[in-house]
Amino acid sequence: MAGESYKTHEHDVLVIGAGGAGLRAAIEASASGARVGLVCKSLLGKAHTVMAEGGVAAALGNVDDRDNWRVHFSDTMRGGQYLNNWRMAELHAQQAPDRVRELEAWGAVMDRTPKGKILQRNFGGHKYPRLAHVGDRTGLEMIRTLQDHGIHQGIEVFMEFTITALLKDGGRVVGAIGYDRERGRFHVWKAGAVVLATGGIGRAFKITSNSWEYTGDGHALAYHAGAELVDMEFVQFHPTGMVWPPSVRGILVTEGVRGEGGVLRNKDGKRFMFDDIPDLYKQQTADNEEEGWRYVTGDKNALRPPELLTRDHVARCIVREIKAGRGSPHGGVFLDIAWIKEKLPNAGEHIKKKLPSMYHQFKELAGVDITQEPMEVGPTTHYVMGGVKVDGDSQMSSVPGLFAAGEVAGGLHGANRLGGNSLSDLLVFGKLAGEHAAKYAKDNSPGHADAGQIEDAMHEALAPFERADGENPYDIQHDLQDMMQDQSGIVRNENDMAKAVDGLAGLRERASRARADGHREYNPGWHTALDLKNLLTCAEAVVRSALDRRESRGAHFREDYPGKDEAHGYHNSVTSRGPDGHMSVVRRDIPQIRDELKQIIEEMG
Amino acid sequence: MGESRDVTFRVWRGDASGGALKDYTTGITTGMVVLDAVHQIQAESAPDLACRWNCKAGKCGSCSAEINGKPRLMCMTRMDEIDTSVPVTILPMQTFPLIRDLVTDVSWNYEVKKRIKKFRPRKPDNADGSWNMAQADVERVQEFRKCIECFLCQDVCHVLREHERHPEFSGPRHFIYTAQLEMHPLDTEDRLGQLKDEQNIGYCNITKCCTKVCPEHITITDNAIIPLKERVVDEFYDPMTRLFRIFKPGKK
Chain U
1 MAGESYKTHE
11 HDVLVIGAGG
21 AGLRAAIEAS
31 ASGARVGLVC
41 KSLLGKAHTV
51 MAEGGVAAAL
61 GNVDDRDNWR
71 VHFSDTMRGG
81 QYLNNWRMAE
91 LHAQQAPDRV
101 RELEAWGAVM
111 DRTPKGKILQ
121 RNFGGHKYPR
131 LAHVGDRTGL
141 EMIRTLQDHG
151 IHQGIEVFME
161 FTITALLKDG
171 GRVVGAIGYD
181 RERGRFHVWK
191 AGAVVLATGG
201 IGRAFKITSN
211 SWEYTGDGHA
221 LAYHAGAELV
231 DMEFVQFHPT
241 GMVWPPSVRG
251 ILVTEGVRGE
261 GGVLRNKDGK
271 RFMFDDIPDL
281 YKQQTADNEE
291 EGWRYVTGDK
301 NALRPPELLT
311 RDHVARCIVR
321 EIKAGRGSPH
331 GGVFLDIAWI
341 KEKLPNAGEH
351 IKKKLPSMYH
361 QFKELAGVDI
371 TQEPMEVGPT
381 THYVMGGVKV
391 DGDSQMSSVP
401 GLFAAGEVAG
411 GLHGANRLGG
421 NSLSDLLVFG
431 KLAGEHAAKY
441 AKDNSPGHAD
451 AGQIEDAMHE
461 ALAPFERADG
471 ENPYDIQHDL
481 QDMMQDQSGI
491 VRNENDMAKA
501 VDGLAGLRER
511 ASRARADGHR
521 EYNPGWHTAL
531 DLKNLLTCAE
541 AVVRSALDRR
551 ESRGAHFRED
561 YPGKDEAHGY
571 HNSVTSRGPD
581 GHMSVVRRDI
591 PQIRDELKQI
601 IEEMG
Chain P
606 MGESRDVTFR
616 VWRGDASGGA
626 LKDYTTGITT
636 GMVVLDAVHQ
646 IQAESAPDLA
656 CRWNCKAGKC
666 GSCSAEINGK
676 PRLMCMTRMD
686 EIDTSVPVTI
696 LPMQTFPLIR
706 DLVTDVSWNY
716 EVKKRIKKFR
726 PRKPDNADGS
736 WNMAQADVER
746 VQEFRKCIEC
756 FLCQDVCHVL
766 REHERHPEFS
776 GPRHFIYTAQ
786 LEMHPLDTED
796 RLGQLKDEQN
806 IGYCNITKCC
816 TKVCPEHITI
826 TDNAIIPLKE
836 RVVDEFYDPM
846 TRLFRIFKPG
856 KK
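If you read the protein sequences in the order shown, they are chains U and P.
The first sequence begins at 1 in the working numbering and counts up by one.
The second sequence begins at 606 in the working numbering and counts up by one.
No lab work stands behind these hints: they were computed from the structure.
Don't take each hint at face value.
Said to hold, decoys possible - Computed from the model, here is a short list of chain U residues facing chain P with C-beta under 7 Å:
hint, residue
1, G45
2, K46
3, R112
4, S211
5, R249
6, I251
7, E521
8, N523
9, G525
10, E559
11, D560
Idealized CB from N, CA, C, for every residue including glycine.
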């Protein structure tokens, strides 16, 4: 350790993470004149945004002119069971259309309506067709557009670098320290402001649609720097992930399949989603198959089919069917888009054109032709609604100088996120975070992080190499994933989660003994050992928040408290690190909603 | 789950200074892809085996490698389509400098892209800053925009692989990147001079190796490279065009 050196970089704004939110933040900060550094764990353009399929939600009103930001706002709040940060939901609904149009000014090419406008498709929980899209590869279109625009903006990009700690000057964040994967050498970034855009925590669970990068780095960095996290009990289990073969279990099957007319059936061929339509959505949902089909084919007078209810509800109905023994052979249910050949003469071509990635994914990975036969699907860990608690207008966390945008930030989605609202989230709040971070950096004098913090961070990062007889980090990661899946997954209860709390203590102890073999250059074993701290921090926040919410709401389902409890409808769970170093979860009241917003919610029914 | 059977993988281990193929044996079950096997080897016996991956669903283009000599995405190569009676060889892409094991330095591609003139749209058609485009007109461009930047086309292109013309030849990936800009219904920029003199599209002799390895099934040669070559020829070599230019000076 002695004599360990590092390279120093200086920027006005340091953005950590280069998915949609990070790129959008970097573009905005740099356009305002700030010197911007952008750090990404992977190569540029490979971040998790690339996997988003269905579309980006924005009330453009191109397909149904009854749509506007008020309806989008109200849908988002309803989907989030009113725990949302209403200011974020308001800004999001208002600004999403401009952010989507801006993508086309930067070269994106969305699918078109017959009149040449941006086409919009139906999605769960959205009252009108609202998702701008490119087939089922919308995320790729978005990230590539931002990447190709961003590379001409003078942003300094650090590819394949990992941040291990934020640096502080008193109460304020003034930079970060990390290493480059290629050489394993340390780097220190001094920055006027830091934007976290690191995405989610899905790798804490066994079955997930998330990539290796989703180890909750930003959540954990913020937490350890003293920032508050909010709503961490709300983890979204997407209803449709692949279930077979085992090696592809969890890979996402876009909601766009259902938006295009795909239906869910159990082993008896029954469309079970008609059996359980929640009261909150009764007036908006079709009660017969014919009307559902009319809705997905554009009949404005039809109500949407129950397959397009919110993700939390659809996922639970699927679990119910499987548990009742009515599932498919490999422990899922059937998702059938092939049936539309009864309705459309050229259904096969239509499916391939609307859902090309799904067609190839099933053909190549499962040997299933989705134009001819149903898919087998089941829930998969997909998204964390919870995240760094931020100010709705500026995206600044409770720690000055530290901003967050996209999945790592909490608040917009409340108890459950609507499909398509994540891509619009990235654009709207990426921009706002970039703008306000640049402003903060300009308005405040540079800070200084003392050498001790840097020494400590380097020491911690290198510790796994000193433990020649330590444990294999992959084993610890697998055990954590198994435990979270079983004990804090889609169906939760007090007993299991209490066991998980003990389990986490054991895993933390094992992680402190995780070893790294070999040398520092591009060493995935070492990286896995370092990821454990982040995963464990996030897992603990999920479990402790979930224990405290003794009700079922949105994505959080407690079999010991299966109903919604209005007493819990007025507060968020706020997680922070106490002075003693232990994690604390407190309930904090949701600020009083503004009257005109309340009125919108009431009017929309 | 199916029976597990042992399969031997012969994986390149080493860095820029040298290395060797090393054998690893691991259990294979139904539906596994090559990337699953590599992950299993990491977890069981070689935790420091370096490989890139992100999505494991053929969408990010990170896990490019050469499997039994064929440039493929490891995440989309199913074990049951490979002959496992003999060891399965996995090499890093050979056209790029090696960093470690299966990871290569592909940064050159990012540098090339930066030099290509950026998108320059015409004035918006509508007051809200939007444009009208017909679906039929955007489809040609959408095919090229499917590219996941796996760089397998660059890996297999003999102008880069055998002749190592990296500095002056931008390779198939950047021809389809340029094609989607040039054929974009809104774009007003002119990149034909760049294509001819900086990207040297003339070096490509349309052997279509790039098209064959593209995991996104983009018809790189027929739909992007050949039309671009024709545009370059029309612009710089067609005697009629040159004649017209004498009479209509100033027009591009």
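Evaluated hints:
no.: 1; hint: G45; result: holds, 6 Å
no.: 2; hint: K46; result: holds, 4 Å
no.: 3; hint: R112; result: holds, 4 Å
no.: 4; hint: S211; result: holds, 4 Å
no.: 5; hint: R249; result: violated, 9 Å
no.: 6; hint: I251; result: holds, 5 Å
no.: 7; hint: E521; result: holds, 6 Å
no.: 8; hint: N523; result: holds, 5 Å
no.: 9; hint: G525; result: holds, 3 Å
no.: 10; hint: E559; result: violated, 28 Å
no.: 11; hint: D560; result: violated, 32 Å
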